[in-house]
Structures are given as structure tokens and as C-alpha cells.
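A.B. asks: Sequence order for the protein chains is A and B.
Each residue of the first sequence is one higher than the last, beginning at 1 in my numbering.
Each residue of the second sequence is one higher than the last, beginning at 1001 in my numbering.
In case anyone wonders, no lab produced these hints; they're calculated from the structure.
Treat each hint with caution, since some may be false.
[Stated by the list, open to error] Derived BS3-like pairs (lysine-lysine); straight-line CA-CA distance at most 27 angstroms:
1. A/LYS5 - B/LYS1041
2. A/LYS85 - B/LYS1073
3. A/LYS50 - B/LYS1041
[What the hints assert, rightly or not] So the derived label-pair ranges between C-beta atoms look like this:
4. B/GLN1038 - A/GLY194: 37 to 47 angstroms
5. B/GLY1052 - A/ARG180: 37 to 47 angstroms
6. A/ASN25 - B/ASN1053: 44 to 54 angstroms
7. B/GLY1048 - A/ASN25: 42 to 52 angstroms
8. A/LYS133 - B/GLN1066: 24 to 34 angstroms
[Said to hold, decoys possible] Derived coverage of chain A by chain B (criterion: at least 3 residues anywhere in the stretch with Cβ under 8 angstroms from a Cβ of chain B; other residues may be distant):
9. 6-19
10. 65-79
11. 145-153
12. 158-166
Built from N, CA and C at the ideal position, the CB exists for glycine as well.
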Amino acid sequence: MARMKFICDSERCIECNSCATACKNENEVPWGVNRRRVVTVNDGVVGQEKTISVACMHCSDAPCMAVCPVDCFYRTDEGVVLHDKDTCIGCGYCAYACPFGAPQFPASGTFGLRGKMDKCTFCAGGPEENGSKAEFEKYGRNRLAEGKLPACAEMCSTKALLGGDGDVVADIFRTRVIHRGKGSEVWGWGTAYGKGQSEATTPNGKKS
Amino acid sequence: MRPALLLAACAALLTACGEPDQTKTSGNTNRADTPPMQGTKNGYAEAGWTAGNQGSWENQIRARGQHQNEYLKTN
């Protein structure tokens, strides 16, 4: 089996934040911790605005694993990067090392004491027994052990966010790109409102 | 008797000069995490696959992944 991977299609993401909401709900993520976020670049610039959903990318060569002084990270056979909160000391090195800002630290106490690191688990829980209460309280749901995929990807309304077996996800994305083409065929006036009579017969081929 | 006692004292003293074993094993790390293909007993597992069977779990995950492929639904 290939590794578990996420991919977010920036042409489809409509910034609805349902992935972040699904994640929060499914894993009962506390306030101040966002395992998944929706990021928009070129906000408001017509034709250049792009939105993607970002969480832990479960890197094959994860920098968080490399810098962790207590070695609390581990990688499963499915390629999911997980960590042990019993070992984590909340130092924050992983947050500096991660290029995606995936590691999150719940602030608690009067002085904003930094707690144990929390991040996306690909809905695969943690070291505790699969589906146990202890696992849920520390890491959230273990949907992989239930034969399901991450809630964020399964809840995505436009299927911009795909998650699962890397081969399957890549095939889906490839099929999509082949079918839809790129540039002005993907979005724009013609796509939204239909082409005029003359345009319909003679495509202008302009790219966005 | 005396040499034996001396040897025992030396062994006890040298023990303090040693260091604990830091070898990574499944006992002192988290690498022994139960793989998801072993399933769960929380009652929310999807039907149609056999817990503990790697192939069955992989097929389930692949089939589930194809639910994200709308081209299989609409075209």
C-alpha cells in the first residue's frame, strides 16, 4: 500500500472551512488549536486568489521528527506521522521546524503556559489502544482503524481536499485535471455563465 | 572470602559508572502502536472488511478513497 497523503486542489477550494470544522468536531479539538486551517493567498485579487486547506502533510522525511529532543514522533507503516503526548515536553521545536505550521500548542493558565503539542493525526489516533477513550481524549478519533478516511477530506463539499492512499488520491486528481483542462476552461465568465453563440463555436483558447 | 568480597564491592562501584540502556525498542518507544488494520472495538467501524486482515483493510481504504472521485458518480 502507498503512503497516506492529503492533496488540496486550489482550483476547487472555496474557502468554506468545512474541513477545519469537521476536524474540530470529529476530534473535539480544544479552543486555540487548529489542526487544519484554510489559507488564502492573493485575497481579493481577481483571477489570482487561491485557497488551500493546510494541516500536517505527514512528510516522508519529517523535520519535526528530526528536531524533537525527546523523540516523541513516530511514523506508522501507512506513512502517518504521529506523536506520543506522554513523551512530549512541549518545547516547541517542532513548531519551528515544520514548514506548514502543523504543530499546535494549547495555551492554558494565566500566563499562557504552553501545553503538549497537538497536530493532525490523519484521523489515526495515537499510541493508545485503537478507538479507546484514552486515545480519543488525547488524539481524537481513530477513523483509519474504523475503515474510514480523515473527516476533513470526506466532508469536503467540493472534494478539493482529497485524503487517503497516495496512489488513489493521485489517480483521482490526475483524472480530474485531464477532464477539466486548465486556465480559462476551469473558471471565468464562460464557465460561470456559459459561452455566447460565437464563442461557443470558436473557442478563443485564452488562458487566465 | 576476602577476594570475593572485594570483587563484589568493585562490581557494585562500577555499576555506578555505567549508563542505562538507551536502545530504541518497541518497549521504550511508541513504535508498537497498534496498526489501524487491527480495527477497533468502539462500535463505529465500517462494515465490509475484516479487522486484522491487512489486505482487507487496504481494499476498504482504497474503496473508500474512490468515494471522493466524483467522476465515478457523474461521468
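A.B. asks: Among the hints numbered above, which are violated by the structure, and what are their numbers in rising order?
C.D. replies: Numbers 2, 3, 4, 6, 7, 9 - these are the hints that the structure violates, sorted from lowest upward.
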